[in-house]
Amino acid sequence: MPELPEVETTRGGIAPYVEGEVVTEVVLRRRKLRYPVPQALLVDLPGQAVDKVERRGKYLLLRTEAGAVMIHLGMSGSLRLVDADTPAEKHDHIDIVFENGQALRLRDPRRFGAMLWLKGDPMQHKLLISLGPEPLSDAFDAEYLFQRSRKRKQAVKLFVMDSHTVVGVGNIYASEALFRAGIQPQLAAGKLTRQRCVALVEAIKTVLSAAIQQGGTTLRDFVDGSGKPGYFKQELQVYGRVGESCQQCGATIKQLRQGQRASYYCPGCQR
DNA sequence: ATGCGGACCTGTTAGC
DNA sequence: TGCTAACAGGTCCGCA
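Residue numbers (our numbering): 131 to 401.
Certain hints may be false.
To be verified - Straight-line alpha carbon distances no greater than 25 Å define the calculated PhoX-like cross-link-like pairs of lysine-lysine that follow: (1) K358 / K182; (2) K384 / K321; (3) K182 / K256; (4) K283 / K162; (5) K335 / K249; (6) K335 / K384; (7) K283 / K335; (8) K384 / K283; (9) K363 / K335; (10) K335 / K358.
Quick caveat, the hints were computed from the structure, so don't treat them as lab data. Since the model is a prediction, treat every value here as computed from it, not as a measurement.
Please model the entire structure based on the sequences and the hints provided.
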């Protein structure tokens, strides 16, 4: 469900309410998520104050003096702030309860998400250490993408969705960015020219920034920290629009499958 | 190193 | 209306 804009929307939504708050208790209703929730989280987190809520790629980090809580929302996860006594529903797996009576509640029907407890520098963790640059940082530029893509036969859409290339570009925004850059998704990454790398980097930055502005994209069930949906869906040009006509050129939007995922593109605008 | 398919889950929807 | 199959925002792992 969440790509970078949805995770960033969640981060921004919960940070003001969670930073500075002291954890009193962790309520675990279901241990089996993507990875088993470590016992150490239940033991070590209570008593800690959350210093900062950060994001790296699609991972959220709640930093405390003793360690960091690392959260991934997978395909269907959401984090919401609720009163601690709000009854938990079926897929509400974990509550981080605070002294002020609020709780940060993780809901995740498909359970592809994760909550881990990291000691030491979280950026050195296996899951974070080899991630590519943040798409909205200066490190992600056309020259980087150009060099990185040399000799790659992989389709450009799969290439930009690879978190080792750049983090945070998921299935929706990969299609959207390629449309905006005028690049067809099947093109081998190694065939990108410098010029097209400029356009693609620009498109990725623009589409992600715009989506963050709109509070993310809600296809069916994404909600932010207070339960509100995102409004970027109405800005989508190709994603989910097979058979509709392109707003740019009028051609019919097409769909194909790449890496077991749907890709959407306009055969008129994308070459 | 690269590239691909399978695996992990449940819920919703499309199609017969 | 009901059943079944396909599909859904992610990404790690193992194999060729």
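Hint check results:
1. K358 / K182: Holds, at roughly 23 Å.
2. K384 / K321: 22 Å, holds
3. K182 / K256: 21 Å, holds
4. K283 / K162: 37 Å, violated
5. K335 / K249: Status violated; Cα separation ~32 Å.
6. K335 / K384: 24 Å, holds
7. K283 / K335: Holds, because 24 Å separates the two Cα atoms, which is no more than 25 Å.
8. K384 / K283: At roughly 22 Å apart (the allowed maximum being 25 Å), K283 and K384 satisfy the hint.
9. K363 / K335: 17 Å, holds
10. K335 / K358: 24 Å, holds
Hint compliance for this structure: hints 4 and 5 are not met, and every other hint is.
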